[in-house]
Structure formats: structure tokens, C-alpha cells
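Engineer: Spelled out, the chains give:
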Amino acid sequence: MSSNAAVAEHHHVGPGEPPHIHHMDTPTAYGAAKLGMWLFLATEVLLFAVMFCSFAIMRYYHLAEFHDASHHLNLPLGALNTVILLFSSYTAAVAVTKAQKGDNKGVIRNFGISVLCGLAFLVIKSIEYTGKAHHGMFPVVWNEHFYEYKNFLGLYYCMTGLHALHVIIGMVIMVIYGILPARQNRYSGRYYTPVELSALYWHLVDLIWIYLFPLLYLVG
Amino acid sequence: MAAHASSSAAGHEELNYLNWKTGIWSWLSSTDHKRIFFLYLSSIMVFFILGGIAALIMRTELATAGPTIPSIVKDSHTYNVFFTMHGVFMIFLFVVPGIPATIGNFLIPLMIGAKDVAFPRLNLFSYYLYVIGALIGGVAMLNPVDTGWTFYAPYSTTTSSNVSLMVFAAFVLGFSSILTGLNFIVTIHQLRAPGLTWMRLPVFIWASYATAIIQTVATPVVGMTLLLIIAERAFGAGIFDPTKGGDPVLMEHLFWFYSHPVVYIMVLPAFGVVGEILPVFSRKPLFGYKMVVISSMAIAAVGFIVWAHHMFVAGISDFSAKFFSVVTFLVAIPTAIKVFNWVSTMYKGSISFKTPMLYAMGFVFLFMVAGTTGMYLAMLGVDVYYHDTYFVVAHFHYTIQGGAVIGLMAALHMWFPKMSGKMYNETVSKTAFAMLFIGFNLTFIPQFILGMEGMPRRYYDYPVQYQTLHTISTIGAYLNGFGYTFALVNLLWTAKFGKVKAPRNPYNSTGLEWQTASPPIHENFETIPVVTEDPYNYGVHKHA
Amino acid sequence: MLGLLGEQGSDFAHKVDYAHDVVTIISVVCTVLIVGVMLYFAVIYRQKDGKDHPTPHIHGNNALEVIWTTFPTLVCIWVAWLGYDSFVDMRTVPEGAMEINVTGRKWAWDFQYKNGKRTTGELVVPVDEPIKLVMTSKDVLHSFFVPVMRTKMDVIPGRYTYEWFKPITTGDFQVFCTEYCGNDHSRMLARLKVLPRAEFDRWLADDSEAKKLASLKPSDRGKELYVAKQCVTCHSLDGSPRVGPTWLKIFGREGKLADGTSYKADENYIRESILYPQAKVVANYPAQGMPSYQGQLSDDDITGIIEFMKTIDGTTKVELSQPTVKKQPAAAGATPAERGKALVNAPDNLCATCHSIDGSKLVGPSFKGLWGRKEKMSDGTEINVDADYIKESIYKPQAKIVEGYGPVMPAMYEGKLSEQDVNDIIEYLKTLS
Amino acid sequence: MAHSNHHSHDEIGHVVPESLFFKVLLTLLFLTAVTILAAQVDLGKWNIVGALVIASVKASLVIYFFMHGKYENRIIWTYILIPFILLAIMIGGVFTDDPFRSKPVPLQVTQQP
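Chains as they are written, first to last, in my numbering: chain Y, 1 to 220; chain W, 1 to 544; chain Z, 1 to 433; chain D, 1 to 113.
If you are wondering where the hints come from, they were derived from the structure by calculation, not from laboratory data. Each hint should be verified, as a subset may be incorrect.
Said to hold, decoys possible - Here are the simulated DSBU-like cross-link-like pairs (lysine-lysine), alpha carbons at most 30 Å apart as the crow flies: (1) Z:K229 with Z:K416; (2) Z:K430 with W:K74; (3) Z:K51 with W:K501.
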């Protein structure tokens with residue numbers, strides 16, 4: 001994404017060489033890129049923080065409804081998605097180590113698995129959404145019977161919807177900054193910043209889900 | 001970028017960042033922080049003018065009780081649209097990007113001896129996010145929003161105007177602000193010149209650093225809150241809408257969680273500017289540098305735990321009101337420390353009254369008024385009376401216009417020689433300052449009195465007994481407006497037609513930004529400076 | 001002491017004012033001192049003849065820093081305590097306070113007393129007795145602000161909030177809505193009337209109007225309300241055009257709405273139009289013409305009006321009782337023209353509903369340039385607009401109608417506006433030409 | 001330039017062995033199973049406390065190992081912690097309010113047809 005702008009400033013450098021950046025030396029650029037990414041992740045966490053806070057308050061007000069409504073979510077699918085995301089996070093972490101060792105094929109393989117996992121996650125998520133809509137538990141097609149779950153479900157769709165958007169963005173980042181350059185043997189022990197940053201972003205997607213899963217599916 | 005570095009090599013004395021490349025595209029696509037400063041400055045000034053016109057229309061309408069200019073403000077709805085426009089333009093499009101994105105962009109790399117910010121392309125990207133946000137906001141104004149800039153639910157979730165688009169614009173602008181802040185934090189951490197330790201940083205850098213932290217970590221909160229308003233309007237998420245079991249007061253909490261710290265985004269950099277100006281024109285080190293720095297960081301930190309003082313009568317629990325009232329006073333202490341240190345800097349100085357110094361001294365007065373009236377509003381029992389009256393309006397404008405905008409004007413005058421390479425006419429700029437300073441006080445002192453008499457804010461019409469004060473306030477507003485026009489036209493004219501070339505260091509300052517050419521070359525410094533002394537090293541050392 | 005906040009109406013007002021006085025004195029003294037010191041430094045340490053002079057290299061002074069950290073801290077603790085103390089009083093309702101229910105809606109305040117009595121826009125309370133207002137909103141956020149009582153609280157849909165005060169003096173006071181609530185936020189005013197106890201009791205017990213209504217059969221009740229609730233102003237019974245559609249044979253009528261869809265005036269449509277007038281506006285009528293009667297009419301009242309509508313056959317007539325001349329409260333102002341302006345703008349005079357002051361054509365002729373203009377009448381004659389004509393048009397609107405306009409202006413001003421009032425309005429109209 | 005926290009040799013950053021990542025993954029999966037099982041037992045309000053504690057342990061593992069948090073400097077740790085502190089402040093601040101006042105009850109608004 002945009003925060004990778006600095007690291008992408010490569011002009012005429014050989015494979016595995018760090019890009020020449022006119023206003024800072026390579027270690028500084030590496031430190032800057034990483035700090036920048038972490039700051040960006042901080043803003044992402046705070047984006048979700050608003051919904052966690054709203055969730056806390058709404059749950060406080062509508063405890064019984066939240067409890068009942070959460071039982072209407074598909075726990076097996078949610079659990080499966082959790083496993084998928086954890087695994088994809090693992091492969092993303094491995095991809096960084098591969099890049100550090102100069103194994104560009106390893107980067108492609110591991111990021112590829114992560115992207116596929118992301119895809120699987122989205123497919124399962126859409127199965128869940130359609131199931132909900134089918135039962136009239138979707139804001140536009142409310143079944144009067146489930147109307148009292150609207151606060152829970154409203155938050156559920158906001159939280160998982162925004163999370164799904166992050167999954168998509170994460171996949172795009174991994175393809176553009178991880179897989180495509182790795183096909184040209186771009187990365188080495190001297191230069192692997194984009195891989196590390198893409199992986200960081202993907203871990204954040206996982207991190208958010210680690211909280212979303214128990215809150216939404218288990219305790220309500 | 002690297003390819004062009006050789007073309008700006010030393011030897012071509014005449015080349016600077018303004019002329020080393022020409023053509024409109026070289027400006028619009030430039031990643032040079034100084035050119036991005038110009039892009040930002042010209043854009044925010046458009047909205048300063050638009051917001052100012054909206055303000056003058058409102059003031060004219062309010063000059064007499066009942067309809068005053070029905071041909072323009074044809075009914076209360078139109079008036080409500082104008083104050084929303086004024087608020088949204090001034091807050092989201094002018095003051096928030098105001099000092100950080102303009103003066104901050106120009107000065108931060110220069111003051112820390114860097115060639116550019118850490119992520120130059122991200123810097124340009126956040127400018128274009130700003131432009132996109134501004135355009136979306138402009139489109140939203142086709143079916144004008146009438147919620148006020150606070151977008152309180154459930155009015156904002158039920159009104160038929162273009163609220164969704166407008167809050168989305170604010171969301172995009174928020175991301176512009178986040179990316180600017182993020183960029184500055186990394187820049188200050190990573191790109192300081194050799195020898196420039198944290199305790200040698202100019203206070204403006206410290207203030208910008210504190211500002212950048214707030215921008216980065218507070219803005220997402222309002223961004224998400226605004227998205228939830230869209231969700232509420234689009235499919236009834238049931239979070240803020242009371243008819244669906246939501247809680248409108250929760251929306252206020254989340255909104256002010258950002259919108260209180262945002263006041264410090266606006267005013268902290270202005271503190272920094274004043275802290276830069278006073279030592280130069282007093283020829284003295286900044287008094288109590290360490291305390292000034294600590295107080296900047298303290299204000300930023302405390303700013304995050306005081307938000308609900310905007311909500312004492314919003315129906316929050318009494319416990320909450322008491323808690324937030326007490327912590328609010330914590331802000332008063334570092335602010336007071338700053339003022340004391342500024343004034344003490346002038347002690348035994350050698351004071352010259354150039355225009356920036358006048359702005360800085362005017363700032364101290366205006367901010368004293370803003371700060372002390374802030375105490376009224378932090379006091380529970382008194383705030384119950386003053387909440388949502390003209391007292392709040394006046395207090396807010398003393399902080400934001402008297403603080404942030406005067407700070408911006410001070411900075412523009414202070415660093416104008418560096419920015420444009422020319423010297424402006426002191427007499428003209430001093431006259432303009434006098435006009436806008438008098439006009440400002442004439443506008444808002446009557447509003448304090450109106451607040452004391454109980455006049456509520458956001459009123460299109462009012463009982464006749466308030467008319468005299470309103471009329472005075474309107475006259476002041478016009479004087480204020482003329483003052484700004486005069487001052488800005490002076491700067492614009494000088495930049496374009498001015499004859500007097502500015503030397504490298506017209507004020508004989510010790511700041512790093514004055515050690516390079518006026519205007520600076522493309523990559524700021526011929527050679528990266530090495531810092532060996534504390535900032536503001538003026539005056540005669542005792543042992544020397 | 002300083003009396004900056006004006007008259008004190010409640011028993012805790014003096015505490016708020018005391019806190020206000022203290023913080024005002026502190027503020028003024030601090031500002032004057034600091035700005036004074038700054039200006040003093042500026043004068044004595046100024047560069048003389050534009051020449052720089054040597055300055056000492058002072059970095060700071062720890063003792064001073066300690067002093068000016070401690071001093072504001074102590075001041076803040078004191079001031080915070082004063083605010084806290086007055087707030088506690090404001091939020092602690094005494095035992096046995098008289099409860100009144102307050103409902104905010106766009107854009108009026110409704111009050112209901114324990115005995116069932118309802119009022120709109122007028123809160124009547126006894127003096128020297130704690131009053132607790134239990135408040136909620138029907139639509140968006142509002143805020144109930146009584147400056148003289150020093151009290152204010154937001155009114156929130158879906159929740160009850162409260163505020164209380166104990167009036168210490170009788171009188172007539174202003175109530176504002178202070179939370180922005182849309183178009184007519186600035187008109188969402190109310191009066192607070194503090195009466196001596198005995199007078200209040202008489203007022204509260206006076207349910208003659210309600211009793212009379214309750215004893216009537218539904219259609220007669222509707223007829224009474226037609227006059228009492230000012231429906232008569234805009235809706236005729238004989239088919240003549242006014243601001244709103246005529247009620248002649250309205251029940252069961254079908255037609256087009258402003259949005260192009262059609263409507264049928266059955267019970268539900270009428271009920272909705274009374275409660276939500278803007279929901280379905282009949283084509284060619286002003287969209288914002290009618291105020292909502294939510295909270296002003298009970299279900300029985302609405303049923304009565306519907307029953308009354310069913311009886312209207314063209315022969316129905318109502319007695320328009322002559323309202324007693326009451327002092328126009330809005331008619332303050334120094335000059336006659338200002339008083340006239342206030343009268344024209346007073347919401348209950350309704351002038352501005354139909355007459356613009358900017359020349360735009362509404363239901364009636366614009367006031368702009370009216371004075372001295374030659375107007376062609378519907379009967380073909382031409383008339384000079386002078387004081388007599390205006391006076392006649394106000395008191396007997398149907399006498400002379402300007403060509404191109406309908407005979408729609410209600411004859412409601414005789415008795416409502418005094419001669420003096422009309423003269424003031426004429427003075428105001430002169431200023432518009 | 002100043003303050004680069006890394007050695008400007010060929011290698012920058014810390015290489016973490018893949019086997020360590022695998023152990024972390026197993027732990028994470030195990031903790032997920034624990035959460036699901038724990039949720040089947042009704043512990044009253046301790047359910048959510050337990051779920052959040054386990055989630056936080058998992059999140060810490062992800063930050064500490066997957067995201068190389070273990071090898072990062074103090075500045076980055078500051079910015080890792082700030083959002084969580086702010087979230088705590090936000091929820092804490094709002095909870096000074098809500099539990100001390102009445103809860104919102106949807107109004108019986110006259111339904112518009």
C-alpha cells in the first residue's frame with residue numbers, strides 16, 4: 001500500500017540490491033520503512049478500536065440479545081476461518097525468513113499459500129453471509145423474528161466487513177510487493193523490506209481476527 | 001530523483017527549489033517537501049477564503065434580529081448550511097492540515113538538516129488524498145449538509161442531506177492527515193542531522209512531533225466513527241440510532257475522543273511557532289526549554305483523556321462528568337507553564353518588533369484569553385450554563401483563530417523570506433496585523449458577553465435584546481476579514497512582484513533552516529550540517 | 001457580586017455565580033499580569049535606535065519553574081472544586097420535588113403535569129418549590145436551557161434525562177433549545193412562568209377546557225379543536241383556498257401528492273398528516289407549511305378531528321371567538337419599525353409564512369417595496385398602498401385582493417394586533433421599500 | 001544519518017528460524033482449541049474474560065514472533081503499545097459513563113406506513 005512508497009523507490013539496481021534512495025542511506029531507509037509500517041498498523045488497530053469500544057458498550061446494553069445472537073453464527077465455519085488465517089500468518093512469517101535467505105522461490109511459495117488462504121477465508125465468509133441473508137438476518141432483508149439481534153448483527157457486519165476489506169488489501173499487497181518482485185529475484189539478505197512489510201500487514205489482519213473470532217462467535 | 005541530483009549540484013547559485021524545474025506538472029508531481037508545502041498552502045487558502053466568506057455571510061445575517069439578508073440567507077435551513085460549511089471547511093480543510101501540513105512540511109526537514117521527509121512520495125500521496133477529500137466534500141455540498149461539523153446522531157443519521165458523502169470526505173481527509181503525521185514521526189526519528197540530539201531539537205520540531213502522534217493515532221478513531229454513521233444511514237447498523245437500541249451519546253464519546261485532541265493538532269504547532277519566534281527577536285535562548293518540551297508532550301498525552309468535557313450536559317453520568325472535569329484541569333498546567341516561559345524569554349532581551357514578533361506577542365494575549373476562558377468551561381457548574389452558548393463559540397475561536405490561525409500567520413511572516421527569497425513590506429504587514437488583531441477581538445469579545453447573557457449558538461434568529469452585541473460582532477468580523485485579506489495579499493504580492501531579495505539569514509537566527517540559501521536549493525543543503533550546540537544559542541555566555 | 005450572568009432565578013444560582021466570579025477575577029488578574037509583564041519587557045528591553053544590544057545567556061530557572069507549576073495547580077484545584085461543588089447541587093434533586101414531564105420534538109417543547117394537564121411552549125411552575133423536569137425527546141437531540149435558573153441538560157431520544165431547579169422569584173423567563181436540532185432550532189423556544197403557589201394551583205386545576213372537550217361527542221370535539229388549534233388559519237370549511245387544502249369534503253378525497261404519487265384521504269392519511277405533516281404533501285401546497293401536532297393532540301383529539309371532517313358539507317360554520325388583545329411579547333425594540341419587524345417575525349402572527357421580505361412571491365404579495373406601490377386589484381381597480389389600505393388588509397383581508405393572489409389570508413388579526421401594532425408594522429414596511 | 005538502529009553490514013534485521021514459527025503456529029492452534037472448548041462451559045462473565053485473555057496471549061505471540069516484535073527497538077514497541085493503551089482509555093472512559101446511567105430503550109415511535 002501507500003506506506004510502502006519509500007521502499008519502492010528503486011531505480012536501476014541489480015537483483016538483491018537495496019534501492020538507491022537519494023535522501024537516506026540503506027539502514028536508515030529500512031528503519032524508516034519499518035517504523036512507518038508499524039505506525040500505519042497502529043492506525044489500523046485504532047480503526048478497529050472504535051468498533052471494539054462500540055461492541056463493549058452495545059454488549060453491555062443488550063447482553064442477552066448479544067448472547068443469543070452469537071449462537072446464530074456458524075461456529076464451525078468461524079473456527080475453520082481462524083485456522084486458515086493462523087496458518088496463512090505462519091506462511092507469511094516463513095516468507096520473510098525465506099527472503100532474508102535470498103530464497104525468492106520460497107517467498108513466492110509461502111506468500112502464494114497465504115494469498116490462497118486469504119481467498120479461502122473470503123469464500124467461507126461469503127458462504128456465512130449468504131446463509132445469514134437467507135435466514136433474514138441481514139440489515140436489508142430483516143426477518144422480524146430476528147429484529148432484536150440487529151445491534152449485534154449490525155456490528156458483526158461492520159467488523160467482519162471491514163476485516164474482509166483488509167484481507168483483500170493484504171492479499172493485493174502480498175502479490176504486488178511480495179510475489180511479483182520475487183519472480184525477478186528482487187530479494188536478498190541485503191534487501192527484503194517489502195516482504196517484511198507485507199507480512200506485517202498480513203499479521204495485523206490475523207491479529208484482528210484473533211479478537212473478532214471469540215468476541216463474535218463464542219461469547220457474544 | 002537520484003538522476004536529477006546532479007543537475008542541482010553546487011555551482012549554479014541561482015537554482016533553488018522554486019526554479020530548478022518549471023512547468024505546472026513539475027509542481028503537481030513534485031515530491032519535494034517544499035513544493036508540497038506550496039501545494040498545501042494554496043489549497044488550504046481556498047478553503048480559508050470559502051470558510052471565511054461563509055462566516056461573513058453568517059455574521060451579516062446575524063447583524064440584526066430577524067432576517068437581515070434574505071436574498072442570500074433565505075431561511076433558517078440556508079443559515080444552518082452556512083454554519084456547517086464554515087465548520088467543515090475551517091476544521092477539516094483548513095486548520096487541521098493548516099500548520100502541520102504546510103509550515104510543518106516546509107520546516108521539519110530544514111530544521112533537522114534533512115534533504116526531505118522520510119517518505120516523499122507518501123507525502124505527495126497524502127496531498128492528493130486531501131484534494132480528493134476536498135472534492136468529495138464539494139460534491140456533498142450540492143445537497144448541502146446541515147448537521148454542523150459535529151455530525152451528532154441521530155440528526156445526522158436521519159436528515160435527508162448528503163451526510164454520508166460529507167463524512168466520507170472527512171474520512172478521506174482524515175487519512176491524509178494520518179499519513180502526514182506518520183511521515184513526520186518517521187522523519188524526526190530517522191533523519192536528524194549528525195549531532196542533532198533530541199534535546200537540541202527546536203521546539204517547533206517537538207511540537208510537530210507531538211502533533212504528528214495525535215494525528216496518527218487519534219484520526220483513525222473519528223474516521224471509523226464517521227464510517228459507522230454511514231453504516232447507520234445505509235443499513236441501520238443500530239449503533240448510534242436510538243430507535244434501534246443504539247446510543248447517540250456513544251457517538252459523541254467517539255467523536256470527541258478525536259475531536260478534543262484535534263484541537264491540539266491545530267494549536268500545538270502554533271505553540272512551536274511562537275517558541276521559535278520569541279528567542280530570535282529577543283536575542284535570548286528560549287527560557288526553560290526543557291519544560292516547554294515536556295509541556296508539549298504532556299499536552300498531547302493529557303489531551304487523550306479529557307474528551308468528555310464537551311459532554312457535561314450531554315446526558316453522561318454525573319460520575320463521568322466529575323471525572324472528566326478534574327482531568328481537564330490537567331491541561332491547564334502545562335499550558336500555563338508554556339506562557340510563563342515565553343514571557344520570561346523576553347526578560348533582559350534585545351527586542352525588535354518585526355511583524356512575526358507582533359504576531360507572537362498578539363498570540364500570547366489571545367491565548368491567555370483562550371486559556372482562561374477554557375477554565376470556565378472546565379468548571380462543571382459554570383459549564384452547565386455556558387455549554388452551547390456564544391461563550392463557547394468565542395472561546396473556541398480564541399483558541400483556534402487566536403491560536404492556530406494567528407500562529408499560521410506568524411509562521412508565514414517569519415519564514416516568508418526563506419520560502420520566497422524576498423522581504424515583504426513591514427509597514428503594510430504591521431498595519432494588516434493591527435487590523436486583524438483589533439477586528440478579531442471586536443468580533444469575539446461581544447460574543448463572550450452574549451454567552452454570559454445566555455445566547456445559544458447555532459441560532460439563525462435571536463431575541464432583540466441581543467442585537468447590539470451581535471451588530472458590533474459583525475463589524476469586527478468584517479475588520480478581521482479585511483485584515484486577513486490585506487496581510488495575505490501583501491505576502492502574495494511580494495512573492496510575485498517583490499524586489500527586495502532576502503539574505504540567507506535576515507533575522508540572524510541560529511536555526512538550521514537559516515543556514516541554507518533563501519530560498520533553499522532542491523535538496524535543502526549543499527552539505528548536510530553537523531550540529532554542535534544547543535538551539536537558540538543567543539546572548540553572551542557568562543564564562544566567555 | 002459581579003452579576004455577569006444576570007438575574008438569579010434558582011436557589012443554586014448564587015453558587016454558580018460565585019464560582020463564575022472567582023474564575024473571572026482570577027482570569028482577569030492573570031491575563032492583565034502576564035500581558036502586562038510581557039508589554040513591560042517589550043518596552044524596557046526594546047532595541048533602541050534599531051541597534052542590537054548584548055543579552056545575557058539565560059537558559060531557565062528551576063525555582064521559577066517550580067513556582068509556576070505549583071501556582072496554576074493550586075488555582076486549578078480551587079477552581080475545579082468550585083465548579084464541582086455547584087454541579088453537585090445542580091444534580092441533587094431534593095426529596096418531594098414536583099415532577100413535570102418534558103418532551104422535546106422538532107421544534108417545540110411539550111409539558112405534562114402529574115394531573116394530566118398538558119401545555120406546549122409554556123412551562124408554568126410554582127415559586128419556592130423544587131421542580132424536577134423529567135425529559136425525553138421524540139426525534140433528535142435537544143437541550144433544555146433556562147438561563148435564569150443556570151441549568152441545562154440535553155434531551156435524548158430513547159432515554160430520560162433530568163434537571164431540577166427551585167425558583168426563588170416569580171416572573172416570566174426565556175427557555176432555549178441549545179442542542180442543534182435542524183431547521184427551526186432557533187425557534188424552539190419556550191416560556192417559563194413562575195407563579196405564586198395559590199395562583200399556580202388555580203392554573204393547574206383549571207381543566208375546564210379539557211373537561212368541556214371530553215364531554216363533547218367526537219365531531220363536536222373536532223370542531224372545537226379546529227378553532228382552538230388554529231387549523232382554521234390555513235384550512236377553510238367552505239372550499240375557499242388558503243395556505244393548506246380546504247377541509248370541505250376532504251374525507252375520502254383523492255389526488256396527487258407533491259412527489260407525483262396519489263393519495264386517498266382516509267383515517268390513516270389524515271392521522272399521518274397531522275402528526276407528520278411533511279410526509280405526504282398534497283401537490284401545489286408548501287412543503288414546510290404545516291407544523292407537526294405530535295404531542296399536542298391526543299388520539300381522541302385526532303379521532304374527533306377526523307369525525308368532524310366527515311361532517312363538513314359546505315354549510316358547516318364555526319364561531320371565531322375574538323381573542324383578547326394580549327401584549328405581543330416579541331414586540332420589543334426601540335423604534336416603531338423595529339417593533340413592527342418583531343411583530344412580522346413573531347411565529348404566532350404567521351406573517352412570514354405567506355409574505356416574503358425579499359421580493360420573492362409566496363402565497364401572498366411580498367412586503368419588499370410594498371409601501372407606496374400601485375397594486376392592481378382582482379376587481380380591476382388600482383390602489384395606492386398606503387396606511388389605510390394596509391390597515392384594512394390586516395383587519396379585513398378579504399376586502400381587497402391583489403390581482404393574481406387568492407383570498408386566503410385569515411381574518412385573525414382583529415383583536416390580535418392593536419392599532420399601535422399595525423402602525424408599527426406599517427413603519428417597518430416603509431423601511432422595506 | 002543519525003539513529004539507525006541496525007548495523008550497516010550486509011545483513012539487516014534478524015533472521016528467525018522457520019522451526020520457531022512452526023512451534024508458534026502449533027501453540028496458536030492449541031490456544032484456539034482451548035478458547036472454543038472453554039466457551040462451551042458456562043462460566044458467566046468469566047467466559048468473556050477468559051476468551052479475551054487467551055486472545056491476548058495469541059496476539060502477543062503473533063506480535064512477538066511472527067511480527068519480529070522480539071527483535072524490535074523501544075521506539076517501535078512504544079508505537080505497538082500506544083493503540084492498545086488508547087483502546088483501553090477509550091473503553092475505560094466510556095465506561096465511566098454508561099454503567100452509571102440508564103440504558104437506552106428504543107422509543108415506541110409511531111410507525112410511519
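Engineer: Hint by hint, say whether it matches the structure.
Structural biologist: Verification of the hints:
With a C-alpha separation of about 16 Å, the suggested pair Z:K229 and Z:K416 falls inside the 30 Å cut-off, and the hint holds. Using a Cα cut-off of 30 Å, the hinted pair Z:K430 and W:K74 holds, with the two alpha carbons roughly 21 Å apart. For the proposed pair Z:K51 and W:K501, the alpha carbon gap of about 22 Å is at most 30 Å, so the pair holds.
In summary, this structure violates none of the numbered hints.
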